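Engineer: Based on the sequences and whatever the hints tell you, model everything.
These protein sequence lines are chains A and B, in that order. Per this note's numbering, the very first residue in the first sequence carries number 323; after that it's consecutive. Per this note's numbering, the very first residue in the second sequence carries number 149; after that it's consecutive.
Check the hints yourself; a few may be wrong.
As the list claims (entries may be wrong) - Using 30 Å as the maximum straight-line C-alpha spacing, the simulated DSSO-like pairs for lysine-lysine come out as follows: (1) A:359 - B:198; (2) B:305 - A:363; (3) B:198 - A:363; (4) B:542 - A:359; (5) B:305 - A:354.
If you are wondering where the hints come from, they were derived from the structure by calculation, not from laboratory data. No experiment lies behind these values; they were computed from the predicted model shown.
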Amino acid sequence: MSEFAFLYRGRDVDASPEQMQRSIEKWRAWFKELSEKGHIKDIGQPLEDAGKVVKGKQKTVTDGPFAEAKDVVAGFTLVEARNLDEAVELSKDCPILESGGSVEVRPIRALKM
Amino acid sequence: MVATLTRMFGVHNLALAEDIVQDAFCRALEVWKFRGVPENPSAWLMAVAKNRALDLLRRDRTVRTYEPELGRLLQSEWTLAPTVEELLTENAIEDEQLRMMFACCHPRLSEEAQVALILNILCGFSVWEIASAFVSSHAAIEKRISRAKKVLASSKKLFDTTDATACLSRLPAVHRALYLLFNEGYHSASPEAAVRDELCHEAMRLAALLLRRPLAATPATHALSALMCLNAARLPSRLSGSGELLSLFEQDRSLWDRQLIAEGLKLLELSAAGPELSEYHIEAAIASVHVMACSVEETDWGQIVSLYDQLMATHPSPVVALNRSVAIAQHQGPGRGLEEIRRIANADRLAGYPFYHAALGEFELQSGRNEIAREHFANALGLARNPVERKFFKQRMDACGNSARQGPSTGF
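Structural biologist: See below:
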């Protein structure tokens, strides 16, 4: 088994409380299913929209990131799958896709000394 | 609630789970003092406990639970709130209570410890309340409970109620614990009548939980529930207006709870499915003969005697033998009652039981031997465990004062 990161992008800004509620339920159901099948290394966390960005040698700090809603990283999960193809298949049930968002599937890199 | 929180935090964190519930109640008292009790108090408490649990789970994401699956779901914000939400739904709570009930009947714990644990964790009784119910010291009960909790914490996980073999093998212990709990309430030595009734109702509530699970709803479970209903039906009539203990013969039968009787009889019928004949079946049958009679005179004592014969054949004990001799006295006269009571094996175990002496007293009194009878009642008085019993035995002693024959007064 290899490890992959799922990076979720796309924030549904217009969601009503009921829609939020349903959305939370969908995410939970999806994670539960993945977990039961043994694919979850770490469910990960959702992220707040705005924070700070620290950049460069100067270590400049700015407020941000203020990207478009569809580009904001909404959260992450660490997943176990046999290969990238399987990981991609697993990501297809992610609720964020329904609201027009995206899942970036990236293998964990084994850093060699 | 404690049962559910224990699953979230792990049995070794039982104290944490209890703290959360305790916290919620304290908070409630504070707020309700000013704003009054809300329309749905249990929902309010639930919400407070849930939020507190969420805070704690967030603060310490490494809180270990027994199930890695559950632990994972509780560690991530993606799934934390909805998981806690789901665990606190009514059905889930019932599941947890059932697991806890089975867990409390751990084979390494004595029966008294099991009952004390159930009262403490599942019924929310404080150590004080349990000590008062069992007429024991606070220190003794506290020790018993804390030792029992250590045994619980040492088990790998809370009982798995979906494991049929494990379930069925521990069910007799659960039955026994609930039976003892009910009897504690029904025949309690505690002077607090309110506490006694509550114990009976808690036992009945927990038995009802068992009935809702196909795995646990065996004929014996039905029989046990039937027994509890039929006996509980008589609770309203056990004490007179002035708080005096009334025997079966003096009870106002119109006060018996007809609904409970009907429920008990229905459960008794359901318990007849299959070949199993537990002690609860027989005791329930005896109780049913009593409740179906309109009066002591119309009671089918012959049938009760033969039921006691059956009980003695399969589950003999000095107390059962004593009750049997009382039934025989009703059926065949006090002389026969005395014969039978003298034949009881291990009667020395009854020496400390006041109603043993009272039974002797009744038989002697009915046979016209007042002086001897009075002595027996005096012995009973000496062993009385609370003011209500003392008053009762004193009355019987006084009854020996008149030379006229008095009616029988044993049996409850």
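Engineer: If a hint holds in the structure, say so; if it doesn't, say that too.
Structural biologist: Verification of the hints:
no.	hint	in the structure
1	A:359 - B:198	28 Å, holds
2	B:305 - A:363	23 Å, holds
3	B:198 - A:363	27 Å, holds
4	B:542 - A:359	71 Å, violated
5	B:305 - A:354	21 Å, holds
The structure fails to meet hint 4 from the earlier list, while all remaining hints are met.
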